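Fit chain B to the given chain A structure using the hints.
So the protein sequences, as listed, match chains A and B. Counting the first sequence from 1 gives a position; the numbering used here is that position plus 84. Counting the second sequence from 1 gives a position; the numbering used here is that position plus 868.
Bear in mind the hints are in silico, worked out from the structure with no lab data behind them. Take the hints with a grain of salt, since some may be wrong.
Simulated crosslink set (DSS-like; lysine-lysine; CA at most 30 Å straight-line) [stated by the list, open to error]:
1) A:K435 <-> B:K966
2) B:K1062 <-> B:K966
3) B:K1092 <-> A:K99
4) A:K99 <-> B:K878
5) B:K966 <-> A:K333
6) B:K1092 <-> B:K930
7) B:K872 <-> B:K1062
Here the structure is a predicted model, which means the values were calculated and not measured.
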Amino acid sequence: MKATQETLQLTSEPKGLAQMKKVMTAYAIDLIHWAYITLVTYKIIYQKIIMDLRNPDFSWNEPVYALAMGALLAIAFFFTKLSLGRAVKGLYDLDENQGVLREPFTILGYFTLFLTFIAGLFISQVSIREFLSEAGLLGAKRIFTALLHPNFGIIEPAIFAAIETIYMAFIATIIALPFAFTLGFFAARNLMNGSPLFFFLYNLTRFFLNMTRSIEPLVWAIIFSVWVGIGPFAGMLALCLHSVSSLAKLYSEQIENISDGPIEAMTATGAHPIQIIWFGVVPQIILPYLSFTIYRWDINVRMATVIGLVGGGGIGTMLMQYQGLAKWNEVGLLAITIAAIVWVMDYSSSKIREAIK
Amino acid sequence: MTQKILEVEKLNKVYPNGTHALRGVSFDVNRGEFLVVIGLSGSGKSTLLRCINRLHEPTTGKILFEGNDITNIKGKPLRSLRSRIGMIFQHFNLIPRKTVLTNVLTGTLARTGIVKSIFGIFPDEERKKAMDLIALVGLTGKENRRADNLSGGQQQRVAIARALMQNPSILLADEPVASLDPATSHSVMQYLKKVNEELGVTIICNLHFLSLVRQYATRVIALKDGILIYEGNPSEIDENWFQTIYGEDAVEVTID
Chain A
85 MKATQETLQL TSEPKGLAQM KKVMTAYAID LIHWAYITLV TYKIIYQKII
135 MDLRNPDFSW NEPVYALAMG ALLAIAFFFT KLSLGRAVKG LYDLDENQGV
185 LREPFTILGY FTLFLTFIAG LFISQVSIRE FLSEAGLLGA KRIFTALLHP
235 NFGIIEPAIF AAIETIYMAF IATIIALPFA FTLGFFAARN LMNGSPLFFF
285 LYNLTRFFLN MTRSIEPLVW AIIFSVWVGI GPFAGMLALC LHSVSSLAKL
335 YSEQIENISD GPIEAMTATG AHPIQIIWFG VVPQIILPYL SFTIYRWDIN
385 VRMATVIGLV GGGGIGTMLM QYQGLAKWNE VGLLAITIAA IVWVMDYSSS
435 KIREAIK
Chain B
869 MTQKILEVEK LNKVYPNGTH ALRGVSFDVN RGEFLVVIGL SGSGKSTLLR
919 CINRLHEPTT GKILFEGNDI TNIKGKPLRS LRSRIGMIFQ HFNLIPRKTV
969 LTNVLTGTLA RTGIVKSIFG IFPDEERKKA MDLIALVGLT GKENRRADNL
1019 SGGQQQRVAI ARALMQNPSI LLADEPVASL DPATSHSVMQ YLKKVNEELG
1069 VTIICNLHFL SLVRQYATRV IALKDGILIY EGNPSEIDEN WFQTIYGEDA
1119 VEVTID
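With the rest of the complex left out, here is chain A (with noise of 0.2 Å):
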């Protein structure tokens, strides 16, 4: 008995190389985080504010400096109550009473981020005085009185692309449908944890999944209309891959928060693992599922609307053509028309999805 009980501990991993790993991580961390700080204070702080420099030189020594910076940087303050990466990782004793609000370490965040946000200003260039320039309010002015004059004389080609529009943004729902539902259960980790095999194929889903949901539906839409033609079916092509992925995820992310017990019930009665899946799975999720879709369709509308702009078909490139043009009462009416159909989608996805739930 003794015996086997000693036997059995060697198997699980030796605590010492899961702290090493751990350690290591939390110096990572600290490194890339103090290298973080060192290249803004530099380059915004130092360069933007206190030099004032309008296009400062930039060399790729910098950064490589400010990774040296920082591997210094964290070895010197790892030891400390300043080290991020230990915090995460619970490698303090802390006072479970006391809450990590006032630790140092906690105070050395707010001050990233506080250092992110003066950046972010100087990046995006915030300016409140050509925000109220004289010149810049007239052009306003011109926008605005056109936009609430609108041009109803091209009220019918309007109202067909926006049929278009809507069309467009259901097939690319409905055929995306089938294969997002069955993709969603290989991303889901609870149903395929069982074997080596079944991990290697949620591994891959996900990273197929993640793979085609980082790229915009926008840029997609320029590489359909390079290959299908510009028009409704490269839009529709650009919105059904991106809804296959959005869609398998949060299918995927449904069924890794369903209950076991049905799962588990099904699995002592001998059944099959489709007939679990089926049994056990589908009833939990259906109705998850029909409203996810129902909204993925109302997001598909006003997406649609974006892709037209890069040659998608439908009310968006109509949009396009006329604000290429400058004829801004007619991009008036074309925006009245995009603000109707978007409230009414919002309008009705929202009452079909609260008469099922």
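Using the frame of chain A, we list chain B on its own:
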């Protein structure tokens, strides 16, 4: 009949996180027994039950079911083993949004084809049997109600009917009354007793309340920190044993 239906030998279970849930547990179960497993929460009762139908994999040790070693079987043999061991749970684990009848019919999944079961095509005799079992647990007239709209006690009875649908030789019950009120607890236990005595199904049941144990068990085993520390008649659990099992400061709470 005193024939052994289940033999557990030196069962050890270590979870991946290092928790040592069972330590060298050995016991036999005879056909027709109502065996109750007692012990504190975390003493390994649930793990033990789940090792028997292999919902959890034993780390070392051996389990014999009707004389056959089932410790390492996989795939179809494992599914057919599970189909012969019914199980009910503390939280009932019924399928939400499905009717009572559908829930009971899921007990036949192991012997129904995959495609047929997906389209909900169950043979007439299975439907008839399901209706009979729903009547047996006293739920006639509720066949087409949604299972998640029933009360806790009724849901547990649906779960019993579902388990019986498997024609089990053994019924595992994992704290079947822990989330029910005292009156409902007795009613559910009465149904388990009926199943045990009238249908001759062997029952292995985890329980918390000693008063229930004394009333329903034919034999008791007790676990403490994963070790089997008591095996015997329910009437023999006196004050001393009670404190050994539940700790020095424990006071017995009764349920009437």
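Results for each hint:
1. A:K435 <-> B:K966: With a Cα-Cα distance of about 25 Å, the restraint between K435 (chain A) and K966 (chain B) holds, given a limit of 30 Å.
2. B:K1062 <-> B:K966: Given that 30 Å is the threshold and the Cα spacing comes to 27 Å, the pair holds.
3. B:K1092 <-> A:K99: holds, 27 Å
4. A:K99 <-> B:K878: It holds: about 28 Å lies between the C-alpha atoms, which stays within 30 Å.
5. B:K966 <-> A:K333: OK: K966 (chain B) and K333 (chain A) at ~26 Å, within 30 Å.
6. B:K1092 <-> B:K930: Within the cut-off at roughly 20 Å; holds.
7. B:K872 <-> B:K1062: holds, 21 Å
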